[in-house]
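> Listed below are the residues making up each chain.
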Amino acid sequence: MPRVGRSSRGCVRASRVISLAAALALALAGAAVPAGAQKPPPPRRVVSINLCTDQLALMLAAPGQLVSVSRLAHDPDSSAMFEAARELPANGSGAEEVYLLAPDLVLAGTYSSEATVQMLRRLGIRVERFAPAQSLADIPRRIARMGRVLGREAAAARMIARFNADLAALRQAPARRPRAALYYVNSFTLGERSLAGDILKAAGFDNIADEAGLDWGGTLPLERLILLAPEVIVKGRDYPGQARAEEPLSHPALRALERSRVIGPLADRDWICGTPRVLGAIRSLRRQAPPPEASR
Amino acid sequence: MRLAAALLALCVALFALSLVTGHSEAPAWRSLAALLRDDGTPLSIVMREIRLPRALLAAMVGASLGLAGAALQGYLRNPLAEPGLIGVSGAAALGAVLAIQTGLALQFALALPLAALGMAVVAVLLILVLAGPRGGSITLILAGIAISALAGALTSLVLNLSPNPFAAADIVFWTMGSLADRSFTHVWLALPFMAAGWAMLAGLGRGLDMLTLGEDAAQAMGTDLVRLRLMLILGTAASVGAATAVAGAIGFVGLVVPHLLRPLVGARPSALLWASALGGAAMVLAADVAVRVLLPERDLKLGVLMALVGAPLFLHLIYRTRKEMP
Numbered sequence: 296m297p298r299v300g301r302s303s304r305g306c307v308r309a310s311r312v313i314s315l316a317a318a319l320a321l322a323l324a325g326a327a328v329p330a331g332a333q334k335p336p337p338p339r340r341v342v343s344i345n346l347c348t349d350q351l352a353l354m355l356a357a358p359g360q361l362v363s364v365s366r367l368a369h370d371p372d373s374s375a376m377f378e379a380a381r382e383l384p385a386n387g388s389g390a391e392e393v394y395l396l397a398p399d400l401v402l403a404g405t406y407s408s409e410a411t412v413q414m415l416r417r418l419g420i421r422v423e424r425f426a427p428a429q430s431l432a433d434i435p436r437r438i439a440r441m442g443r444v445l446g447r448e449a450a451a452a453r454m455i456a457r458f459n460a461d462l463a464a465l466r467q468a469p470a471r472r473p474r475a476a477l478y479y480v481n482s483f484t485l486g487e488r489s490l491a492g493d494i495l496k497a498a499g500f501d502n503i504a505d506e507a508g509l510d511w512g513g514t515l516p517l518e519r520l521i522l523l524a525p526e527v528i529v530k531g532r533d534y535p536g537q538a539r540a541e542e543p544l545s546h547p548a549l550r551a552l553e554r555s556r557v558i559g560p561l562a563d564r565d566w567i568c569g570t571p572r573v574l575g576a577i578r579s580l581r582r583q584a585p586p587p588e589a590s591r
Numbered sequence: 308m309r310l311a312a313a314l315l316a317l318c319v320a321l322f323a324l325s326l327v328t329g330h331s332e333a334p335a336w337r338s339l340a341a342l343l344r345d346d347g348t349p350l351s352i353v354m355r356e357i358r359l360p361r362a363l364l365a366a367m368v369g370a371s372l373g374l375a376g377a378a379l380q381g382y383l384r385n386p387l388a389e390p391g392l393i394g395v396s397g398a399a400a401l402g403a404v405l406a407i408q409t410g411l412a413l414q415f416a417l418a419l420p421l422a423a424l425g426m427a428v429v430a431v432l433l434i435l436v437l438a439g440p441r442g443g444s445i446t447l448i449l450a451g452i453a454i455s456a457l458a459g460a461l462t463s464l465v466l467n468l469s470p471n472p473f474a475a476a477d478i479v480f481w482t483m484g485s486l487a488d489r490s491f492t493h494v495w496l497a498l499p500f501m502a503a504g505w506a507m508l509a510g511l512g513r514g515l516d517m518l519t520l521g522e523d524a525a526q527a528m529g530t531d532l533v534r535l536r537l538m539l540i541l542g543t544a545a546s547v548g549a550a551t552a553v554a555g556a557i558g559f560v561g562l563v564v565p566h567l568l569r570p571l572v573g574a575r576p577s578a579l580l581w582a583s584a585l586g587g588a589a590m591v592l593a594a595d596v597a598v599r600v601l602l603p604e605r606d607l608k609l610g611v612l613m614a615l616v617g618a619p620l621f622l623h624l625i626y627r628t629r630k631e632m633p
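Protein chains in written order, with our numbering: chain E, 296 to 591; chain R, 308 to 633.
Hints listed in this document are in silico derivations from the structure and should not be mistaken for laboratory results.
In this text, all values refer to a predicted model and were calculated from it rather than measured experimentally.
By construction, the Cβ of each residue, glycine as well, lies at the ideal position given by its N, Cα and C atoms.
Any given hint could turn out to be false.
To be verified - Incomplete in silico selection of chain E near chain R, CB under 7 angstroms: (1) PRO335; (2) LEU465; (3) ARG466; (4) PRO469; (5) VAL480; (6) GLU518; (7) LEU522; (8) ALA524; (9) LYS530; (10) GLN537; (11) ALA538; (12) SER545.
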């Protein structure tokens, strides 16, 4: 019984978060102009050491404000903005290297190395840490916060308004919701309480991870995936080189599942970070959805 | 013959048990019906494409390891000789990892078992050279430690250098072995090499029986020792190499099984060969059922279970051999 209580509280929390985010976005859109006078001057040398803060900063920073991005941002497989990122020098995210860039603000993720962050703070540098987005509703909040720390509130408000409008337009999903699975390396899947799961839902699919009781995500052994027989299996990205952990993705049993359709490998870069780029992931999923008259 | 029938019955029973062990809630008879008749349901696919190759591979890998262990012990007249412990499996794993990480196995599927076989030949040759024809325990174990350590370190090195972020996690698979999510591709890849290896090792029975009388006596009675040694090297390398290429290095099977069966066959090496092949199949089938029952979601490695059973026995054998030595 305690489980029921917890999950229903979770729902309330999620809906409150959504309305909070919407309120925040509205407030920002309305109150963007008069800001500035009483606030500290915006940072002038910003260094980002996390793939997702790299991308948000690239979208929002003033020209010349962002001076370096993390090395992963230059990788076309991981970074949705690798072209823009390559205009800037990459850093290896180590404290020494970052300090020598003389930043007045460092952008990090909550999973960035604790030692690096503490060292930079001890050296007197302001570090702002961003938690990874776990739902679409998190995205406007991340954008708003990035706008605040960069002193670019107006740009952030415009981006949020556009994101919300685009997302609302995309939300008009078809009535039939095919059952789908997200399937990654190591037989890993993601459930509804993850950004990827939320993208899948917004694209008009039901996630079989929920049927399997994995609402955050977790290991879904190949046998269970086959027995659940989803209509669509969305395969995760193919990494360079070989690893046995990737072999379930090309197991003959997946091909034998005749009524299922395997799509992917995905362009992972649109899925990892909570930026407006996730709209591209939703659109490409929607395009690949099975036709409504498909036999069940 | 009673022993053969009993072992065969055990293998069949464990094979069936392996087929019905897994994630489906369907009753056993329905699973087996779905295996025999393709009814187009997902259960049929699971039975035919996942469980059947898994059970077949468990039997094949177990037979290979049991047979190779019995043959090596017969030839070296030493109960400590075992493909995993003397480094043959580790070297085969290195060969397989090299074939996969260089991309050779993608262009040419047979490169995987061939590379494993090649490295296994190198390891067996090294062991025979270092341990000498009499196979003294100390040199055998020391040579085995050195070859295992080197092969293991090089395997880790190759996997750590891979651009794939998940490759380093494969080290556990290659050193401990697993049959999770293998497919018929692996069965067909390994079977020809294993079958050739089994044929070579099975033909050694008479020679090994003769060898119990000592090398001179065996030679005097017409045993061609050079041919015997060649067959042993190639047969062990082919069967263990193919087994390791598809399932990773599973240790202790070739140690435990001959040890358990030796008293039952009257310590005759020729009889121990087929008995260990059947016993090995039964043991790996049982271990593969156990890993799925104990931790269904975690892919517990077969080598972990085998070491829990095998390592105490190995220590016991070392203790006993020590007492026999001057």
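> Hint by hint, say whether it matches the structure.
Right, here's what the structure says about each hint:
For the restraint placing PRO335 (chain E) at the interface with chain R, the shortest Cβ-Cβ distance is roughly 40 angstroms, beyond the 7 angstroms limit, so the hint is violated. Here the hint on LEU465 (chain E) is broken, as its CB sits about 31 angstroms from the closest CB of chain R, past 7 angstroms. At about 32 angstroms, the closest approach between the beta carbon of ARG466 (chain E) and any beta carbon in chain R exceeds 7 angstroms, and the interface hint on this residue is violated. The beta carbon of PRO469 (chain E) comes no nearer than 25 angstroms to any beta carbon in chain R, farther than 7 angstroms, and the hint placing it at the interface is violated.
Taking 7 angstroms as the C-beta contact cut-off toward chain R, the hint placing VAL480 (chain E) at the interface holds, the least distance being around 6 angstroms. The interface hint given for GLU518 (chain E) is met, as the beta carbon of that residue sits about 4 angstroms from the closest beta carbon of chain R, less than 7 angstroms. Because the smallest distance between the Cβ of LEU522 (chain E) and any Cβ of chain R comes to about 5 angstroms, under 7 angstroms, the interface hint for this residue holds. For ALA524 (chain E), the shortest C-beta to C-beta distance to chain R is roughly 4 angstroms, which falls under 7 angstroms, so the interface hint holds.
For the restraint placing LYS530 (chain E) at the interface with chain R, the shortest Cβ-Cβ distance is roughly 15 angstroms, beyond the 7 angstroms limit, so the hint is violated. Contact between GLN537 (chain E) and chain R, as hinted, is supported at the beta carbon level, the nearest pair being about 5 angstroms apart and thus within 7 angstroms. Interface hint at ALA538 (chain E): satisfied, since its Cβ lies 4 angstroms from the closest Cβ of chain R, which is below the 7 angstroms cut-off. At about 9 angstroms, the closest approach between the beta carbon of SER545 (chain E) and any beta carbon in chain R exceeds 7 angstroms, and the interface hint on this residue is violated.
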